[in-house]
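> Residues per chain are reported as follows:
There are 4 protein chains.
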Amino acid sequence: MVSYNWKWFIEYTHPTQAHMHGVEHFVYSGQTAFQKVEIVDTEFFGRCLILDGKIQSAEHDEYIYHETLIHPAMTMHPAPKRVMIAGGGEGAVLREILKHPSVEEVLMVDIDQEVIELCEKYLPRWNAGTYHHDKVKIVFEDARKYLAESTEQWDVIFMDLPEPLENSPCYMLFTREFYRLVKERLRGSGIIALQAGNLNIRLMECHGAIYNTLKTVFQHVDSYGAYIPSYDTKWGFMCASDFFNAQDFPAGRIDSRLQERGMNDLQYYDGLTHQHLFTLPKDLRRLRAAELRIIEDDDPLTTY
Amino acid sequence: MVSYNWKWFIEYTHPTQAHMHGVEHFVYSGQTAFQKVEIVDTEFFGRCLILDGKIQSAEHDEYIYHETLIHPAMTMHPAPKRVMIAGGGEGAVLREILKHPSVEEVLMVDIDQEVIELCEKYLPRWNAGTYHHDKVKIVFEDARKYLAESTEQWDVIFMDLPEPLENSPCYMLFTREFYRLVKERLRGSGIIALQAGNLNIRLMECHGAIYNTLKTVFQHVDSYGAYIPSYDTKWGFMCASDFFNAQDFPAGRIDSRLQERGMNDLQYYDGLTHQHLFTLPKDLRRLRAAELRIIEDDDPLTTY
Amino acid sequence: MVSYNWKWFIEYTHPTQAHMHGVEHFVYSGQTAFQKVEIVDTEFFGRCLILDGKIQSAEHDEYIYHETLIHPAMTMHPAPKRVMIAGGGEGAVLREILKHPSVEEVLMVDIDQEVIELCEKYLPRWNAGTYHHDKVKIVFEDARKYLAESTEQWDVIFMDLPEPLENSPCYMLFTREFYRLVKERLRGSGIIALQAGNLNIRLMECHGAIYNTLKTVFQHVDSYGAYIPSYDTKWGFMCASDFFNAQDFPAGRIDSRLQERGMNDLQYYDGLTHQHLFTLPKDLRRLRAAELRIIEDDDPLTTY
Amino acid sequence: MVSYNWKWFIEYTHPTQAHMHGVEHFVYSGQTAFQKVEIVDTEFFGRCLILDGKIQSAEHDEYIYHETLIHPAMTMHPAPKRVMIAGGGEGAVLREILKHPSVEEVLMVDIDQEVIELCEKYLPRWNAGTYHHDKVKIVFEDARKYLAESTEQWDVIFMDLPEPLENSPCYMLFTREFYRLVKERLRGSGIIALQAGNLNIRLMECHGAIYNTLKTVFQHVDSYGAYIPSYDTKWGFMCASDFFNAQDFPAGRIDSRLQERGMNDLQYYDGLTHQHLFTLPKDLRRLRAAELRIIEDDDPLTTY
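As you go down the protein sequences, you meet chains A, B, C and D in turn. For what it's worth, the numbering used here labels the leading residue of the first sequence as 36, then goes sequentially. For what it's worth, the numbering used here labels the leading residue of the second sequence as 36, then goes sequentially. For what it's worth, the numbering used here labels the leading residue of the third sequence as 36, then goes sequentially. For what it's worth, the numbering used here labels the leading residue of the fourth sequence as 36, then goes sequentially.
It is possible that part of the hints are untrue.
A pair counts as met if it fits within one copy or between any two copies, since identical chains are not told apart.
[To be verified] For lysine to aspartate or glutamate, the following EDC-like pairs were computed, each having C-alpha atoms within a straight-line distance of at most 16 Å:
(1) Lys-317 - Asp-300
(2) Lys-71 - Glu-59
(3) Lys-317 - Asp-290
(4) Lys-218 - Asp-333
(5) Lys-170 - Asp-333
Bear in mind the hints are in silico, worked out from the structure with no lab data behind them.
Sequences and hints are given; from them, build the entire structure.
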């Protein structure tokens, strides 16, 4: 029957849970030194980047993920100048960070040069030329190693990493020891923000454990979430610092800052959205609180 | 390979989008006078009720849908006494409504008696015996016909209906003419609340159209949303009245009312959750505003 | 989209190969002491019996499997009187065996009484009342144990067993030691016939190994195959004896015997079909010959 | 879970029947003037060519389809010199035809030049350089138009066409009028051979109708079948002529001719295989006989 779609990408989140994405075109498929990369065109979500079988971002809704990761931390900070990213290869985080006019330098430390080259070639809307922006510097290295060996200080550090699948390149970037190192590299009023796992009520161990772990290092930890259609789930994020309380940050001040910075044309983020993001429903707060695990180097977290 | 699950329920939301639920046990399957009914047990979400191929509610997360539909309207109303429901066969709405101590009478008008009998038999946790509660009355009839012929007045009217699939029993309960009839049956300070379609950014026509249609009838319309894991998406709701502005309703007052009513053990809803629900992200506000359609009897809405 | 089927049984034969069967109704699902049992109704193949995730037989084409297993051996034998079956719970083998008028006694030894009770209840067309036929005796026991302890002699012994999945009840019924035992229980002109694994060119280890193993015990071993639509593959069978050469058995004599026995209304089997079954294509003969394994008790065969 | 395959090609044969092929790499995807083309690499069957959503041939088993189509007709003919093919773009039919040493000229008439170019680039094992063989001539045209306008005579004409899907380029090459035209272009002892539809017992309308239609034109029509693993079904073929009776053609003579022609290293075809192919089981003979349709230009056949 010609009306059936016959090419599919099936993303499993559990042995009994999967999402089927009809694919128009498998654009690229390969294996870098670190991960399997697929780039596919779907009718529903446009072009998608898939690493190790998990959709990382999709053309039609990547703005949700990237604005949610970047703008709360950047907007609460009164004048972020020096920004570092661990991971973030697609370049969309660069694109969002550079919208804040105070930014003077952005450093991206991503272990996988091949992914960045593929993104430059196949995902130009994501990075929008920012790899070559004057303020941007890219280093291909393990972010933990880089931070350990450097003494630079940053206003905001973002962790834009895939999920810590077993044997993935990033599972040692979710531990208490690593977050302590991050904190040492933050200026006094610095903030860390990161993607922080699934908020599906059955799959929240990862989110809860990251929350607890950050709590052992930072005074304020705010966990927040956004529904990402192409992920088929609500996804978790976190920001942490010793100064900023994101949940109580007034929506009006978000809006006025975005206005001052000439950023009121964002697609997803504004004052109301900030309130939405940082007011997790009661069940998620409870599930987060029920998770007691703290992630440490000698017992790192891995997910499905 | 024995580790593969081999029984699946596949829910399509689009020709190129589907969610696969591994099933442990297909408990019941049948066809009532109005719709196809499946009751299945899944490892991931527990027991699920499926009507015409769409999951209506799942054991492990039905509290999200039902608390989100019921409690905002019921809590904003200072003393709801007479409550009516169109649809709502599973009985979970009864269970939630009866938690509000001011309630004196609840009328459920559901067209499909067989579904209610199946729910009583197979979904006892949903209805928790409430079909036979002293304050509850159940009428098996088309809700529109009932409202047209009765002159009773209600404090809150809930529309807990499936999506208006073509040929489904409910697609004439989403029109301007119907909402006008509902308004005539509301007491002066009355509120209507309803499930109101998918909030997936690609599938928001239905939500936007219902919003516009309610706007032609009520002074305040608040559209809101909750991520429902078993639906695999954020789902839309609406409440409308001439008196209550849900978005600005203070979180603190929600919490104190729940306290007064002895309801602070809800799983999902409280003041913070209320804020979360009613602060739709900017993209959804924009997509809602982009939809101009008003639904009328002679051009009813049907969905995929 | 209402036109999509939403209930599926997915049968995996390999991590990258699966067949999807749209299901109308999941009739029964349970776990006996020995295996998982599903009985489902499909639009395409009618009712199906599934053990441990593998279709055993389907209403619309079970005649192919059962006639192919039973009639070559029974028809080549000039007057089979005493017939034994190991397995065969559905009862369709009884139905076919009893068509041969010389039969005086049929013994079925099946380990799983519950499966037979389910088949009597749910698959009446398969067994057609034969469980209670005068000539039939059923014993619920492990067939190997039974044969070891009994001294009865049989004209034909059938092995109608599921595939030897790991931990399945039957994987010790495919070994050289077991076949030796079978031979001791056969009368001089006796024949054994059995289902003998997939004939998919990528999945023939099992068939080749059974062939080699039988060769160490019997003078003539004929391997044959029939395409079974509901299995989605060509399936292998074998018959072995010290007297009968099935491949060279003349088609005309098959037809005249069926005629004499009043059996010319079979659906699948006749002289031409016999020729078809026993003339395996060259590639399968080669692949069978390439498999060198002999199955022994201390190294039994298990399949995917 | 990394062990799941996440890229799939799903081939539907019916709204409730589908086969899932895990894909390693989607090699090529495009749309020619006539059809959608996919070339994929699978772990199980190697490289596959897919036209309009249907697998045409797979690396690991294409020899079955191509030997079955070509060698019965070519071997029964005592000295085929001039051979024509309608369709056959992959080139594997050329490869097989050229094995017969008597062949002097092979003409391939295929409507879709782009498919042939893709096959030359991506399927070199299929065509094995034969597109450029001295004896081979390729014309890009509709085969029916070519035959109508030419007066050349052929010893064997092969129809290697996809299924007659609605709007496919080939559905007018299955009619009585077309077969009459073919007959006019055959030398006196000429033979036509063709692929002739699915032999799944539920999907045999097409095969039966082609059989009836050829019967109105040729004195001998033999329908035959081979199980093709990558098709997941037994597939039908036919050969027709006024002289050759394939079913009764002695196996020994097949083997001696192959020997004389230096062709005893074929993978699939020999005397025994010939017997196997031309002895359709009784149920298929009955289903073929039950189909009464004759295909004519003003009522052409289309399939699912």
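> Within a copy, between copies, both or neither: which one fits Lys-218 and Asp-333 at a CA-CA cutoff of 16 Å?
Neither: 20 Å inside a copy, 60 Å across copies.
> I want to check one pair: Lys-317 and Asp-290. Are their C-alpha atoms no more than 16 Å apart within a copy, between two copies, both, or neither?
between (26 Å within a copy, 12 Å between copies)
> Within a copy, between copies, both or neither: where do Lys-317 and Asp-300 come within 16 Å Cα-Cα?
Answer is between; shortest inter-copy Cα gap is 10 Å, intra-copy 31 Å.
> Between Lys-170 and Asp-333, at a C-alpha cutoff of 16 Å, which is it: within one copy, between copies, both, or neither?
neither (37 Å within a copy, 58 Å between copies)
> If the cut is 16 Å between Cα atoms, do Lys-71 and Glu-59 qualify within a copy, between copies, both or neither?
This pair counts as between: shortest inter-copy Cα distance 11 Å, intra-copy 20 Å.
Going through the hint list in order, the structure does not satisfy hints 4, 5.
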